[in-house]
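Number of protein chains: 2
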Amino acid sequence: MGGDFAPYNVVMGALEALADFPSLKLTLVGDKEQIEKIIGESNKKSDGVEIVHTTEIITMHDSPTAAVKSKKDSSLVVGAKLVKDGKADAFVSAGNTGAMGVTSILNIGRIKGVARPTLTAPLPNAKDGFTFLADVGAFVDSKPQHLLGFAILSSIFVEGIYEIENPKVGLLNVGEEESKGYALTTETAKLLSESNLNFIGNVEGKDIFKGKADIVICDGFIGNILLKFAESIPGFLKASIKNYAGKSLANKLRIAPFSLPSLKTGFKESLSKADPDNVGGLPLLGVNGISIVGHGGSGILAIKNMILQAKRMHEKNIVNKIKEALS
Amino acid sequence: MGGDFAPYNVVMGALEALADFPSLKLTLVGDKEQIEKIIGESNKKSDGVEIVHTTEIITMHDSPTAAVKSKKDSSLVVGAKLVKDGKADAFVSAGNTGAMGVTSILNIGRIKGVARPTLTAPLPNAKDGFTFLADVGAFVDSKPQHLLGFAILSSIFVEGIYEIENPKVGLLNVGEEESKGYALTTETAKLLSESNLNFIGNVEGKDIFKGKADIVICDGFIGNILLKFAESIPGFLKASIKNYAGKSLANKLRIAPFSLPSLKTGFKESLSKADPDNVGGLPLLGVNGISIVGHGGSGILAIKNMILQAKRMHEKNIVNKIKEALS
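From first to last, the protein sequence lines stand for chains A and B. Take any residue in the first sequence, note its place counting from 1, add 349, and you have its number in my numbering. Take any residue in the second sequence, note its place counting from 1, add 349, and you have its number in my numbering.
Hints are not guaranteed to be accurate.
No distinction is drawn between identical chains; accordingly, a pair holds when it is met within one copy or between any pair of copies.
[Stated by the list, open to error] Think about it this way: if two alpha-carbon atoms lie no more than 25 Å apart in a straight line, the pair counts; the simulated PhoX-like pairs of lysine-lysine are: (1) 613 - 529; (2) 517 - 492; (3) 591 - 617; (4) 617 - 386; (5) 561 - 591; (6) 418 - 529; (7) 617 - 601; (8) 587 - 421.
Derived by calculation from the structure, the hints in this document are not laboratory data.
Could you put the whole structure together from the sequences, leaning on the hints where they help?
Rendered as structure tokens:
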């Protein structure tokens with residue numbers, strides 16, 4: 350029931366994931382009648398899909414903690430409990446991000462040794478790979494110890510899922526010099542230097558797209574703002590080109606080849622790594638089970654990719670790897 | 350002597366500004382011999398250009414406060430003092446940004462009532478205008494009172510120079526809801542609400558390029574990171590397109606029209622507002638005189654535009670307007 354286009358996109362995305370991987374065991378948590386209707390009208394296979402009926406909905410406007418505590422029969426609460434009870438290996442949702450964090454922590458629980466879980470987001474980079482940004486919104490006002498934790502959790506995830514060996518960890522700062530920044534960054538740099546991580550020092554805003562580090566560590570406040578800023582780039586480019594074309598006939602002619610379908614496709618594809626639909630969802634790392642948080646506006650493809658990412662995390666045993674690293 | 354290409358770009362930029370506005374009275378501060386050589390070889394008019402000889406240089410690697418205090422005969426110190434002593438109306442430099450901040454505060458001084466000056470940066474937006482970001486690097490660890498100050502200083506600047514009446518001020522946060530963020534943002538929102546400014550509430554990372562607010566207020570740590578991230582977008586786009594083209598002949602053909610000179614020009618021009626060369630430099634607002642900080646990598650055009658911006662700020666009486674507002 351989570352996300353702007355629930356339950357339709359959620360059910361359809363799930364059925365598409367199932368079409369590609371028929372061995373998946375899917376449990377859809379939400380309003381049974383609506384879900385069954387969508388499945389029925391979809392003409393898609395739904396073999397083995399279970400439905401767990403819930404009666405309440407946590408909306409985007411609900412206060413996360415209060416809603417998770419009061420709406421016990423919401424899909425966000427019931428779904429998380431399925432993981433806790435061993436009835437599911439992973440929980441994915443495009444619902445209220447804050448509530449998804451709260452229900453994951455309260456109803457699935459944290460791994461021992463994790464003070465704060467983190468949302469780790471892949472951003473595309475100039476090296477044709479990803480730069481992972483952590484934290485991107487789970488928590489604001491992080492302490493150095495939390496930032497160290499984000500780096501450990503993200504390193505295990507990036508190494509396990511993206512197969513980047515010994516990923517380079519950078520600390521986001523206003524300059525490369527150690528003296529830059531403030532108490533938080535200075536103390537965090539010290540902790541990162543003393544850790545077993547592949548810490549390469551401070552990185553700046555300009556280094557994220559360059560791919561100087563594989564993982565860039567920052568407080569959830571700035572990470573969330575940066576992620577949303579990055580996601581707004583394609584829309585801004587489109588508007589800029591349109592504004593430019595509107596100014597004169599000469600401009601319009603200069604920019605005309607952009608309407609060639611082939612160029613349009615090429616331009617879009619060259620930036621498609623940034624597309625939230627392809628990213629699917631972001632893992633909440635440090636939770637004692639797989640929990641993936643989707644964009645509120647998730648399309649069918651995003652939901653499908655979120656489920657497939659959960660599948661990969663399960664196959665690669667990421668949660669156990671984190672447990673081992675912290676034990 | 351400031352910037353990666355000093356003194357050549359600085360002298361040439363100054364002479365180009367003079368060519369456009371022969372009534373400008375320029376004082377070049379730096380190594381006299383080098384400056385005279387560049388002027389001599391330039392074949393450009395230098396009527397009325399004065400040279401103030403200095404013997405020391407503050408480099409990009411110097412610690413700002415220590416360097417400003419010890420290198421008394423550097424162009425960054427001597428130039429600021431010309432403003433203090435009424436011998437110049439404005440000081441512009443592409444030198445060490447931190448040192449430029451320190452010399453402006455120590456050697457020009459702050460306007461009464463200004464606890465912290467701010468660097469305000471224009472970012473292009475989807476509405477074909479600018480969204481101004483403040484602060485972008487003068488200070489980290491700002492208090493709510495400082496952020497209120499940044500909003501006041503930026504509003505006067507944006508209204509005076511860019512002629513946006515009663516500019517809309519947004520507070521950068523992780524969500525639109527008042528409850529989002531942390532103590533700093535909550536307290537700042539309260540101060541902004543109680544002020545005479547046109548405060549429109551919280552804005553998110555995605556709202557900057559959208560142009561939801563004319564001015565977006567944030568701590569200098571995040572502002573600096575966002576600005577450098579934004580400046581890295583063109584390079585990232587170029588790399589992404591190149592990576593895409595390199596993957597297959599089909600991709601290469603799709604993207605081929607990009608090599609058309611007209612499309613290249615059009616694409617570049619539609620994004621040219623973001624170009625630091627056109628922006629020139631960023632004003633350090635709240636200083637008791639005009640002080641403009643340029644990019645270390647400033648080209649000749651950037652230097653020229655920095656000087657022309659100083660001219661506009663002088664003509665529009667921005668410093669006095671700030672004094673009046675704060676008195």
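Each hint tested on the structure:
no., hint, verdict
1, 613 - 529, "neither (42 Å within a copy, 38 Å between copies)"
2, 517 - 492, "within (21 Å within a copy, 33 Å between copies)"
3, 591 - 617, "both (16 Å within a copy, 13 Å between copies)"
4, 617 - 386, "neither (35 Å within a copy, 50 Å between copies)"
5, 561 - 591, "between (33 Å within a copy, 18 Å between copies)"
6, 418 - 529, "between (42 Å within a copy, 19 Å between copies)"
7, 617 - 601, "both (20 Å within a copy, 14 Å between copies)"
8, 587 - 421, "neither (43 Å within a copy, 49 Å between copies)"
Consistency with the previously given hints fails for numbers 1, 4, 8, ordered from lowest to highest.
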